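Please construct the entire structure, taking both the sequences and the accompanying hints into account.
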Amino acid sequence: MIKNIIPFILALFSFNLSFSQTPQVEVLTSGTKTSLRGLSVVNDNVVWVSGSNGTVGRSNNGGKNWNWFTVKGFEKTEFRDIEAFDASTAIIMALPVKDMEAQANILKTTDGGESWIVVYENKTQGMFLDAMDFVGEKYGIVVGDPINNKIFLAETFDGGDTWKELDMPGKQPRTDSGEAFFAASGTNIRLFRDKEYFLVSGGMKSRLFSRFEVTPLPLVQGKETTGANSIAVYTKPNGKSSDKMIVVGGDFNADTSNYKNCFYSTNGGKTWKTPEVPPNGYRSCVEYLSQKDVLACGLTGVDYSSNGGKKWQWISKESFNSCRIAKLGTTIYLCGNNGKVAKITWR
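Using my numbering, read the sequence shown as starting at 242 and increasing by one per residue.
Heads up, a few of these hints could be off.
Derived Cβ-Cβ restraints for the label pairs, each shown as a range [what the hints assert, rightly or not]:
#1 A495 <-> G377: 37 to 45 angstroms
#2 Q265 <-> S498: 21 to 29 angstroms
#3 K568 <-> S418: 31 to 39 angstroms
Lysine to any residue pairs mimicking SDA-like chemistry, simulated, CA-CA at most 25 angstroms apart [as the list claims (entries may be wrong)]:
#4 K446 <-> G419
#5 K477 <-> E378
#6 K464 <-> E454
#7 K349 <-> D327
Please keep in mind that the hints were generated in silico from the structure rather than gathered at the bench.
None of these values were measured; they are calculated from a predicted model.
Backbone N, C-alpha and C fix where the C-beta goes; we use that ideal spot for every residue, glycine too.
What follows is the structure, encoded as C-alpha coordinates:
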(Lines of atoms letter the chains of each structure in order from A and count residues from 1; the text may use other names and numbers.)
(Lines give C-alpha, C1' and ligand atoms only; values in the text may rest on other atoms or scores of the structure.)
Protein backbone atom coordinates (compact mmCIF):
# COMPACT_ATOMS: atom_id res chain seq x y z
CA MET A 1 0.00 0.00 0.00
CA ILE A 2 2.78 2.43 0.96
CA LYS A 3 4.75 1.44 -2.13
CA ASN A 4 1.77 2.26 -4.39
CA ILE A 5 1.08 5.64 -2.87
CA ILE A 6 4.65 6.99 -3.02
CA PRO A 7 4.60 7.73 -6.79
CA PHE A 8 1.30 9.58 -6.35
CA ILE A 9 2.74 11.75 -3.55
CA LEU A 10 5.85 12.50 -5.60
CA ALA A 11 3.75 13.46 -8.63
CA LEU A 12 1.54 15.73 -6.50
CA PHE A 13 4.62 17.38 -4.97
CA SER A 14 6.13 17.93 -8.42
CA PHE A 15 2.82 19.36 -9.68
CA ASN A 16 2.62 21.92 -6.87
CA LEU A 17 6.32 22.75 -7.16
CA SER A 18 6.03 23.51 -10.88
CA PHE A 19 3.35 26.11 -10.23
CA SER A 20 5.66 27.92 -7.78
CA GLN A 21 7.98 28.60 -10.72
CA THR A 22 7.61 30.94 -13.72
CA PRO A 23 5.73 29.53 -16.73
CA GLN A 24 6.96 29.92 -20.28
CA VAL A 25 5.58 28.91 -23.67
CA GLU A 26 7.40 26.28 -25.74
CA VAL A 27 6.19 25.95 -29.35
CA LEU A 28 6.07 22.29 -30.39
CA THR A 29 4.95 22.52 -34.02
CA SER A 30 3.72 25.06 -36.57
CA GLY A 31 3.42 25.61 -40.30
CA THR A 32 0.38 23.45 -41.04
CA LYS A 33 -2.20 25.29 -43.14
CA THR A 34 -4.96 25.43 -40.53
CA SER A 35 -6.29 27.67 -37.78
CA LEU A 36 -6.54 25.50 -34.68
CA ARG A 37 -9.24 26.18 -32.07
CA GLY A 38 -10.26 22.71 -30.93
CA LEU A 39 -7.98 21.26 -28.25
CA SER A 40 -8.42 18.18 -26.06
CA VAL A 41 -5.67 16.83 -23.80
CA VAL A 42 -6.28 13.25 -22.66
CA ASN A 43 -3.11 12.94 -20.59
CA ASP A 44 0.43 14.29 -20.59
CA ASN A 45 1.23 12.43 -23.81
CA VAL A 46 -2.00 12.20 -25.82
CA VAL A 47 -3.27 15.50 -27.25
CA TRP A 48 -5.70 16.20 -30.11
CA VAL A 49 -6.32 19.43 -32.03
CA SER A 50 -8.81 20.45 -34.72
CA GLY A 51 -9.24 23.43 -37.01
CA SER A 52 -9.94 24.83 -40.44
CA ASN A 53 -9.55 23.11 -43.83
CA GLY A 54 -10.98 19.90 -42.38
CA THR A 55 -7.86 19.35 -40.27
CA VAL A 56 -7.36 17.18 -37.19
CA GLY A 57 -4.02 16.53 -35.49
CA ARG A 58 -2.93 13.99 -32.88
CA SER A 59 0.23 13.40 -30.88
CA ASN A 60 0.85 10.34 -28.72
CA ASN A 61 4.21 11.41 -27.32
CA GLY A 62 3.67 14.80 -25.72
CA GLY A 63 3.86 16.83 -28.92
CA LYS A 64 7.18 15.54 -30.22
CA ASN A 65 5.57 14.01 -33.31
CA TRP A 66 2.22 14.68 -34.96
CA ASN A 67 -0.18 12.83 -37.23
CA TRP A 68 -2.28 15.20 -39.36
CA PHE A 69 -5.56 14.18 -40.99
CA THR A 70 -7.88 15.84 -43.49
CA VAL A 71 -11.37 14.46 -42.91
CA LYS A 72 -12.74 13.09 -46.19
CA GLY A 73 -15.78 14.98 -47.43
CA PHE A 74 -15.13 17.85 -45.02
CA GLU A 75 -12.05 19.41 -46.62
CA LYS A 76 -13.51 22.94 -46.40
CA THR A 77 -14.96 22.54 -42.92
CA GLU A 78 -13.88 24.24 -39.70
CA PHE A 79 -13.75 21.92 -36.73
CA ARG A 80 -14.00 24.47 -33.93
CA ASP A 81 -14.03 21.96 -31.08
CA ILE A 82 -12.80 18.45 -30.32
CA GLU A 83 -13.24 16.05 -27.42
CA ALA A 84 -10.86 13.09 -27.14
CA PHE A 85 -11.11 10.10 -24.81
CA ASP A 86 -7.91 8.24 -25.66
CA ALA A 87 -5.40 7.84 -28.50
CA SER A 88 -8.04 6.20 -30.71
CA THR A 89 -11.36 7.88 -29.90
CA ALA A 90 -12.37 11.49 -30.46
CA ILE A 91 -15.36 13.63 -31.47
CA ILE A 92 -15.22 16.77 -33.64
CA MET A 93 -17.78 19.53 -34.10
CA ALA A 94 -18.20 20.92 -37.62
CA LEU A 95 -19.34 24.40 -38.54
CA PRO A 96 -21.65 25.04 -41.51
CA VAL A 97 -19.94 25.11 -44.89
CA LYS A 98 -21.21 27.11 -47.81
CA ASP A 99 -22.60 24.98 -50.66
CA MET A 100 -22.91 21.91 -48.40
CA GLU A 101 -26.38 20.58 -47.70
CA ALA A 102 -25.91 19.86 -44.00
CA GLN A 103 -25.69 22.89 -41.77
CA ALA A 104 -23.94 21.35 -38.79
CA ASN A 105 -22.30 18.00 -38.05
CA ILE A 106 -20.69 16.05 -35.25
CA LEU A 107 -18.27 13.28 -36.27
CA LYS A 108 -16.53 10.50 -34.36
CA THR A 109 -13.43 8.38 -34.89
CA THR A 110 -12.46 5.17 -33.13
CA ASP A 111 -9.31 4.42 -35.12
CA GLY A 112 -7.09 7.36 -34.22
CA GLY A 113 -8.40 9.75 -36.87
CA GLU A 114 -7.98 7.51 -39.91
CA SER A 115 -11.74 7.42 -40.55
CA TRP A 116 -14.76 9.36 -39.26
CA ILE A 117 -18.51 8.75 -39.15
CA VAL A 118 -21.22 11.41 -38.86
CA VAL A 119 -23.06 10.86 -35.57
CA TYR A 120 -25.22 13.99 -35.72
CA GLU A 121 -26.50 16.15 -38.57
CA ASN A 122 -28.72 19.24 -38.43
CA LYS A 123 -30.00 21.00 -41.56
CA THR A 124 -31.94 23.74 -39.78
CA GLN A 125 -31.36 27.09 -41.47
CA GLY A 126 -29.06 29.21 -39.35
CA MET A 127 -27.69 26.29 -37.33
CA PHE A 128 -24.21 27.07 -36.00
CA LEU A 129 -22.54 24.91 -33.34
CA ASP A 130 -20.23 26.75 -30.96
CA ALA A 131 -18.77 24.39 -28.35
CA MET A 132 -19.13 21.08 -26.58
CA ASP A 133 -18.00 19.53 -23.34
CA PHE A 134 -17.96 16.08 -21.75
CA VAL A 135 -17.80 14.71 -18.24
CA GLY A 136 -16.31 11.24 -18.31
CA GLU A 137 -16.53 9.25 -21.53
CA LYS A 138 -20.32 8.98 -21.84
CA TYR A 139 -22.17 12.19 -21.06
CA GLY A 140 -21.63 15.29 -23.20
CA ILE A 141 -23.39 18.47 -24.27
CA VAL A 142 -23.13 20.72 -27.32
CA VAL A 143 -24.34 24.32 -27.62
CA GLY A 144 -25.27 26.23 -30.76
CA ASP A 145 -26.27 29.77 -31.58
CA PRO A 146 -29.88 30.63 -30.75
CA ILE A 147 -32.56 30.39 -33.43
CA ASN A 148 -35.48 32.73 -32.75
CA ASN A 149 -33.78 33.44 -29.39
CA LYS A 150 -33.97 29.78 -28.39
CA ILE A 151 -30.63 28.32 -27.30
CA PHE A 152 -29.72 25.12 -29.13
CA LEU A 153 -28.54 22.38 -26.76
CA ALA A 154 -28.11 18.67 -27.43
CA GLU A 155 -26.79 15.94 -25.15
CA THR A 156 -25.36 12.45 -25.46
CA PHE A 157 -25.34 9.60 -22.96
CA ASP A 158 -23.31 7.11 -25.01
CA GLY A 159 -20.04 8.83 -25.73
CA GLY A 160 -21.30 10.81 -28.69
CA ASP A 161 -22.72 7.91 -30.72
CA THR A 162 -26.19 9.47 -30.56
CA TRP A 163 -27.42 12.97 -29.67
CA LYS A 164 -30.78 14.23 -28.42
CA GLU A 165 -31.81 17.87 -28.63
CA LEU A 166 -32.88 19.44 -25.32
CA ASP A 167 -36.30 21.01 -25.22
CA MET A 168 -37.63 22.35 -21.92
CA PRO A 169 -40.65 24.52 -22.79
CA GLY A 170 -41.09 27.40 -20.39
CA LYS A 171 -37.92 26.51 -18.48
CA GLN A 172 -35.07 26.69 -20.96
CA PRO A 173 -33.30 30.10 -20.87
CA ARG A 174 -33.60 32.26 -23.99
CA THR A 175 -31.26 34.86 -25.42
CA ASP A 176 -32.01 38.48 -26.24
CA SER A 177 -31.72 40.07 -29.67
CA GLY A 178 -28.09 40.29 -30.79
CA GLU A 179 -26.90 37.85 -28.12
CA ALA A 180 -25.11 34.64 -29.15
CA PHE A 181 -22.12 32.40 -28.35
CA PHE A 182 -18.58 32.59 -29.70
CA ALA A 183 -17.02 29.50 -31.31
CA ALA A 184 -13.61 30.78 -30.25
CA SER A 185 -12.08 27.99 -28.19
CA GLY A 186 -14.72 25.42 -27.29
CA THR A 187 -14.79 26.70 -23.71
CA ASN A 188 -17.84 28.94 -23.45
CA ILE A 189 -19.67 25.98 -21.88
CA ARG A 190 -18.39 23.93 -18.94
CA LEU A 191 -20.04 20.71 -17.85
CA PHE A 192 -19.82 18.95 -14.48
CA ARG A 193 -20.37 15.49 -13.04
CA ASP A 194 -23.91 16.29 -11.87
CA LYS A 195 -24.75 17.19 -15.51
CA GLU A 196 -25.04 20.87 -14.68
CA TYR A 197 -23.36 23.46 -16.87
CA PHE A 198 -22.31 27.10 -17.07
CA LEU A 199 -22.53 28.88 -20.42
CA VAL A 200 -21.44 32.44 -21.31
CA SER A 201 -22.69 34.65 -24.13
CA GLY A 202 -21.53 37.72 -26.01
CA GLY A 203 -22.63 40.31 -28.53
CA MET A 204 -25.16 42.95 -27.60
CA LYS A 205 -25.45 41.28 -24.20
CA SER A 206 -23.07 39.15 -22.19
CA ARG A 207 -24.60 36.82 -19.63
CA LEU A 208 -24.04 33.66 -17.58
CA PHE A 209 -26.49 30.80 -18.19
CA SER A 210 -27.16 27.67 -16.18
CA ARG A 211 -30.00 25.21 -16.76
CA PHE A 212 -32.64 27.40 -15.12
CA GLU A 213 -30.99 30.74 -14.35
CA VAL A 214 -29.54 33.69 -16.25
CA THR A 215 -27.41 36.45 -14.71
CA PRO A 216 -25.72 39.46 -16.34
CA LEU A 217 -21.96 39.63 -16.79
CA PRO A 218 -19.92 42.84 -16.41
CA LEU A 219 -17.73 42.28 -19.50
CA VAL A 220 -17.66 44.83 -22.30
CA GLN A 221 -20.72 44.33 -24.52
CA GLY A 222 -22.98 46.13 -26.97
CA LYS A 223 -21.31 45.08 -30.26
CA GLU A 224 -21.30 41.85 -32.23
CA THR A 225 -17.59 41.46 -31.44
CA THR A 226 -17.80 41.96 -27.66
CA GLY A 227 -18.59 39.88 -24.61
CA ALA A 228 -17.53 36.62 -23.00
CA ASN A 229 -15.63 34.01 -25.00
CA SER A 230 -14.67 31.53 -22.31
CA ILE A 231 -15.47 30.47 -18.75
CA ALA A 232 -13.37 28.41 -16.36
CA VAL A 233 -14.84 26.95 -13.19
CA TYR A 234 -12.62 25.39 -10.58
CA THR A 235 -13.75 21.79 -10.24
CA LYS A 236 -13.69 20.04 -6.88
CA PRO A 237 -12.07 16.59 -6.50
CA ASN A 238 -15.56 15.03 -6.63
CA GLY A 239 -16.08 16.49 -10.10
CA LYS A 240 -18.65 19.09 -9.05
CA SER A 241 -18.30 22.80 -9.70
CA SER A 242 -17.03 25.12 -6.97
CA ASP A 243 -17.88 28.76 -6.32
CA LYS A 244 -14.68 29.93 -8.05
CA MET A 245 -14.99 30.94 -11.70
CA ILE A 246 -13.37 33.26 -14.24
CA VAL A 247 -14.72 34.66 -17.51
CA VAL A 248 -12.61 36.23 -20.27
CA GLY A 249 -13.34 37.90 -23.58
CA GLY A 250 -13.34 41.57 -24.56
CA ASP A 251 -13.59 42.87 -28.11
CA PHE A 252 -11.78 40.80 -30.74
CA ASN A 253 -11.84 43.80 -33.08
CA ALA A 254 -9.83 45.70 -30.44
CA ASP A 255 -7.58 42.84 -29.42
CA THR A 256 -5.04 44.98 -27.51
CA SER A 257 -7.67 46.52 -25.23
CA ASN A 258 -8.03 45.12 -21.73
CA TYR A 259 -11.21 47.11 -21.00
CA LYS A 260 -13.61 44.83 -19.12
CA ASN A 261 -11.99 41.72 -20.61
CA CYS A 262 -11.81 39.57 -17.47
CA PHE A 263 -13.73 39.09 -14.22
CA TYR A 264 -13.64 36.50 -11.46
CA SER A 265 -16.17 35.31 -8.91
CA THR A 266 -15.81 33.52 -5.58
CA ASN A 267 -19.53 32.99 -4.96
CA GLY A 268 -20.72 31.04 -7.98
CA GLY A 269 -21.28 34.03 -10.24
CA LYS A 270 -23.58 35.98 -7.93
CA THR A 271 -21.11 38.87 -7.90
CA TRP A 272 -17.99 39.60 -9.94
CA LYS A 273 -14.64 41.19 -9.14
CA THR A 274 -12.32 43.15 -11.43
CA PRO A 275 -8.67 42.00 -11.54
CA GLU A 276 -6.12 44.44 -10.14
CA VAL A 277 -4.03 43.67 -13.23
CA PRO A 278 -6.11 42.24 -16.11
CA PRO A 279 -4.88 40.08 -19.00
CA ASN A 280 -3.18 42.00 -21.81
CA GLY A 281 -5.96 42.27 -24.36
CA TYR A 282 -8.83 40.23 -25.77
CA ARG A 283 -8.74 36.64 -24.55
CA SER A 284 -10.52 33.70 -26.16
CA CYS A 285 -9.79 31.01 -23.56
CA VAL A 286 -9.17 30.64 -19.83
CA GLU A 287 -8.25 27.50 -17.87
CA TYR A 288 -7.72 26.67 -14.19
CA LEU A 289 -4.46 24.82 -13.59
CA SER A 290 -5.06 24.60 -9.86
CA GLN A 291 -7.28 26.39 -7.37
CA LYS A 292 -5.05 29.49 -7.62
CA ASP A 293 -3.13 29.08 -10.88
CA VAL A 294 -4.92 30.19 -14.06
CA LEU A 295 -3.90 30.56 -17.72
CA ALA A 296 -5.54 32.70 -20.42
CA CYS A 297 -4.69 33.16 -24.10
CA GLY A 298 -5.76 35.20 -27.09
CA LEU A 299 -4.61 37.05 -30.18
CA THR A 300 -2.03 39.15 -28.33
CA GLY A 301 -0.49 36.46 -26.18
CA VAL A 302 -0.68 34.37 -23.03
CA ASP A 303 -1.26 35.49 -19.44
CA TYR A 304 -0.77 33.69 -16.13
CA SER A 305 -2.25 34.33 -12.70
CA SER A 306 -0.98 32.70 -9.50
CA ASN A 307 -3.69 34.17 -7.26
CA GLY A 308 -6.97 33.05 -8.78
CA GLY A 309 -7.25 35.81 -11.37
CA LYS A 310 -6.58 38.85 -9.19
CA LYS A 311 -3.35 39.77 -10.99
CA TRP A 312 -2.20 38.61 -14.42
CA GLN A 313 1.31 38.41 -15.85
CA TRP A 314 1.93 38.60 -19.60
CA ILE A 315 4.21 35.59 -20.17
CA SER A 316 4.21 35.43 -23.99
CA LYS A 317 3.23 37.58 -26.96
CA GLU A 318 2.65 34.46 -29.10
CA SER A 319 -0.93 34.33 -30.39
CA PHE A 320 -3.08 31.35 -29.36
CA ASN A 321 -6.79 30.51 -29.53
CA SER A 322 -7.13 27.77 -26.90
CA CYS A 323 -5.39 26.39 -23.81
CA ARG A 324 -6.24 23.21 -21.89
CA ILE A 325 -4.70 21.16 -19.09
CA ALA A 326 -4.52 17.37 -19.29
CA LYS A 327 -7.58 15.58 -17.95
CA LEU A 328 -5.30 12.93 -16.46
CA GLY A 329 -2.00 14.71 -15.87
CA THR A 330 -0.47 18.14 -15.40
CA THR A 331 0.73 19.26 -18.84
CA ILE A 332 -0.85 22.41 -20.32
CA TYR A 333 -1.12 22.73 -24.11
CA LEU A 334 -2.09 25.64 -26.38
CA CYS A 335 -3.07 25.88 -30.05
CA GLY A 336 -3.51 28.68 -32.57
CA ASN A 337 -3.20 29.81 -36.16
CA ASN A 338 -0.82 28.33 -38.74
CA GLY A 339 -1.08 24.91 -37.11
CA LYS A 340 0.73 26.14 -34.01
CA VAL A 341 0.73 23.95 -30.92
CA ALA A 342 2.68 24.71 -27.75
CA LYS A 343 2.95 23.65 -24.13
CA ILE A 344 3.76 25.37 -20.86
CA THR A 345 7.11 24.65 -19.25
CA TRP A 346 8.31 25.92 -15.87
CA ARG A 347 11.61 27.50 -14.91
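Hints and how they fare:
1. A495 <-> G377: 37 to 45 angstroms: Given range 37 to 45 angstroms: holds, Cβ gap about 39 angstroms.
2. Q265 <-> S498: 21 to 29 angstroms: Once the Cβ atoms are compared, 25 angstroms apart, the range 21 to 29 angstroms for S498 and Q265 holds.
3. K568 <-> S418: 31 to 39 angstroms: holds, 37 angstroms
4. K446 <-> G419: holds, 7 angstroms
5. K477 <-> E378: holds, 18 angstroms
6. K464 <-> E454: Holds. K464 to E454 sits at ~24 angstroms (cutoff 25 angstroms).
7. K349 <-> D327: Since the Cα atoms of K349 and D327 sit roughly 12 angstroms apart, the hinted pair holds (cutoff 25 angstroms).
Consistency with the previously given hints is maintained throughout, with no hint failing.
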